[in-house]
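Once you've looked at the hints, dock chain V with the ligand against the given chain B.
Note that the protein sequences, when read in sequence, are chains B and V.
Mapping the first sequence onto this note's numbering, position 100 (from 1) lands on 100, and the numbers just tick up by one.
Position in the second sequence (first residue = 1) + 1000 = this note's numbering.
To be clear, the hints were calculated from the coordinates, so they are not data collected in a lab.
Any given hint might turn out to be false.
Claimed, not checked - Dumping the calculated DSS-like pairs for lysine-lysine here, alpha-carbon to alpha-carbon at most 30 Å: (1) V:K1194 / B:K93; (2) V:K1280 / B:K91; (3) V:K1022 / V:K1313; (4) V:K1019 / V:K1253; (5) V:K1280 / V:K1194; (6) V:K1053 / B:K91; (7) B:K93 / V:K1053; (8) B:K52 / B:K93; (9) V:K1259 / V:K1061; (10) B:K52 / V:K1316; (11) V:K1316 / V:K1022; (12) V:K1187 / B:K49; (13) B:K93 / V:K1280; (14) B:K6 / V:K1167; (15) V:K1278 / V:K1067; (16) V:K1053 / B:K49; (17) B:K91 / B:K3; (18) B:K28 / B:K91; (19) B:K53 / V:K1316; (20) B:K204 / V:K1167; (21) V:K1259 / B:K91; (22) V:K1312 / B:K49; (23) B:K6 / V:K1316; (24) V:K1019 / B:K91; (25) B:K28 / B:K3; (26) B:K93 / B:K152; (27) V:K1184 / V:K1167; (28) B:K204 / V:K1053; (29) V:K1019 / V:K1184; (30) V:K1187 / V:K1022; (31) V:K1022 / V:K1167; (32) V:K1187 / V:K1278; (33) B:K150 / B:K129.
Said to hold, decoys possible - Pairwise CB distance ranges (calculated): (34) V:R1327 / B:A195: 16 to 24 Å; (35) B:E148 / V:Y1039: 40 to 48 Å; (36) B:E148 / V:R1226: 53 to 61 Å.
Even glycine gets a Cβ: it sits at the ideal position worked out from N, Cα and C.
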Amino acid sequence: MKKSLKQLVIDTATRYIYLSLVIDGVEKQFVYEEGINNHSVTIIPYIEKMLKKENLILMNLDEVIVGIGPGSYTGVRIGVTVAKMIAYLNKIKIYKVSSLALLASSSNEPCVLGLIDARRGNAFMGFYKNESDKLTQIERDLLANIEEYKSKIEFEFDTVSVGVPNINKILNSDLLEAVEDVHGLTPNYLRITEAERNLRNEIKN
Amino acid sequence: MYVLGVETSCDETSVSIVKDGKEVLSNVVLSQIDIHREYGGVVPEIASREHVKGITYVFDKALRDAKLNYEDISLIAVTKGPGLIGSLLIGVNAAKVISLNYNIPIVGVHHIAGHIYANYIDNGMEFPLLALVVSGGHTELILMNEHYDFNRLGETQDDAVGEAYDKVARVLGLPYPGGPVVDKMAKTGRDVYKFPRPMIDSGDFNFSFSGLKSHIINLHHNMQQRNETINIENFCASFQEAVTDVLVAKTIKAKEQYKVKQVIVAGGVAANSGLRKKMKSMINDIPVYFPNMDYCTDNAAMIASAGYFQYKKYNKADDLLLNGQSRMNLEDIKNGN
Ligand SMILES: [Zn+2]
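So here's chain B without its partners, still in its complex pose (with noise of 0.2 Å):
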């Protein structure tokens, strides 16, 4: 009997939690739910409950994908621990990618920006392009403030902020890195925290 190959994905780094559970290709289960600050609590549970539905426990993936933000956001980092614990508990593949990529996988628009708010009219962004059945990026992902990073494009673009992954247009993608060392795996958060830009500033002067 051929072994099937069974990959779990999981983002939390939006204000929306997405699990997905994709068996020879085939997306056979998935969440996406808005939650208020409780990732935490309910990113297991749906795990459970997703593999459940298929007659299978976290022992039989065969690989995880996660999304690793960009993104400060609290939520990123409970979807990359519990990432980083299913691979590295069961010996299993690991591949990261751009949680901008899962959101932007979402529109069928040609081009398609990725947004996820960052305050102060600044938002973490990424460009991408909607090729046949795949995705690919056509700018690197950034933080900027949103209206002068929009204001130098001068094609038609779709922003997307929130959307149920195309998850296929994502397995199908180049987007996929895969992490060589699951213990050194961290979030991008793209930019240093408050406390070491204050710091640097203060040797700086």
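Then chain V with the ligand, alone, in the frame of chain B:
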């Protein structure tokens, strides 16, 4: 029974395996103190980032050190609060993954119960006992009539002892964390300033350290203004004498009133040499115990020990909805919640 302890409430990422609440097979502590020292205190966002970075590594090392597999573990005990919420959530979620992965029961443990049980590891417990909990976040006297029975007799009305140490150290230009440095300087100084002993005769078991702290800050400031030479060692000794006098006096009062069989001191400030010396010399009729130095600061061995007794007493595990809580009352765990 092997218990896997997990502690991430502040700035140490720690995992430990303890047998029957007592025998420590491994206790891995990834301390961030060198990182936070630069900032003069724990920066919550940095602490959370460091926990994520180190989390799988500490589990791996704890299992290797103990020469055990996850299949050998019967219970997972994880700190659920109080503490920095972003930090707590890393340990709680990592622990929940193990619980689901290997179908091992999990209990959320109160951080202070952990500090108290740090004493069980080396000294055991005889009831009723009195616990003085002193750390950067806590100053309280707790009466235990049996295992996992916590009755608060009194607590600080403002600053915790450890907090007062950090603030005084900062004013005196000493590095963070203040406790160990002030303790060290105090050894060569003398109690020349005779600072007030706050609430020493208050008749209850409460404490207050913010007035004493302000008093010291003002005196230091005035002396600077007058260009007087400041003897840091004497400042440290005078402060430490005042603080430990109050802590010891209240402990003795509670010990007599409740006729306890032993006194234990728990928390980071339990490492203070002045407090250790004074407490031991002033109490001679019953044993006074301090945890081993390794178990004074935050560590997962103490959480594993506390979790073992919590599970034994209530015979109840948490479900996977378990979450971290930044604030938590020790007395609320009476019904096993
Ligand atoms: Zn502590």
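K204 of chain B paired with K1053 of chain V [C-alpha distance capped at 30 Å]: At roughly 28 Å apart (the allowed maximum being 30 Å), K1053 of chain V and K204 of chain B satisfy the hint.
Restraint status (C-alpha distance of K6 of chain B to K1316 of chain V at most 30 Å): Given that 30 Å is the threshold and the Cα spacing comes to 33 Å, the pair is violated.
Hinted pair K1194 of chain V and K93 of chain B, Cα distance within 30 Å: violated, 64 Å
Restraint status (C-alpha distance of K1019 of chain V to K1253 of chain V at most 30 Å): Roughly 35 Å between the alpha carbons, so the hint for K1019 of chain V and K1253 of chain V is violated.
Pairwise hint evaluation, K129 of chain B against K150 of chain B, where the allowed Cα distance is 30 Å at most: Judged against 30 Å, a Cα distance of about 16 Å means the pair holds.
Pair hint K53 of chain B and K1316 of chain V, alpha-carbon separation not exceeding 30 Å: Measuring from Cα to Cα gives roughly 27 Å; hence the hint holds.
Straight-line alpha-carbon gap K1019 of chain V to K91 of chain B, limit 30 Å: holds, 26 Å
Pair hint outcome, K93 of chain B versus K1053 of chain V [Cα-Cα no greater than 30 Å]: Answer holds: K93 of chain B to K1053 of chain V is near 18 Å, not above 30 Å.
Outcome of range test on Cβ distance (E148 of chain B, R1226 of chain V; 53 to 61 Å): holds, 54 Å
Distance restraint between K28 of chain B and K3 of chain B, which requires alpha-carbon spacing of 30 Å or less: Satisfied, since the Cα-Cα distance of roughly 16 Å is no more than 30 Å.
Proposed proximity, K1278 of chain V with K1187 of chain V (alpha carbon, max 30 Å): holds, 13 Å
Pair hint outcome, K1184 of chain V versus K1167 of chain V [Cα-Cα no greater than 30 Å]: Given that 30 Å is the threshold and the Cα spacing comes to 16 Å, the pair holds.
Hint compliance for this structure: hints 1, 2, 4, 9, 12, 13, 14, 15, 21, 23, 26, 29, 30, 31, 35 are broken, all remaining hints hold.
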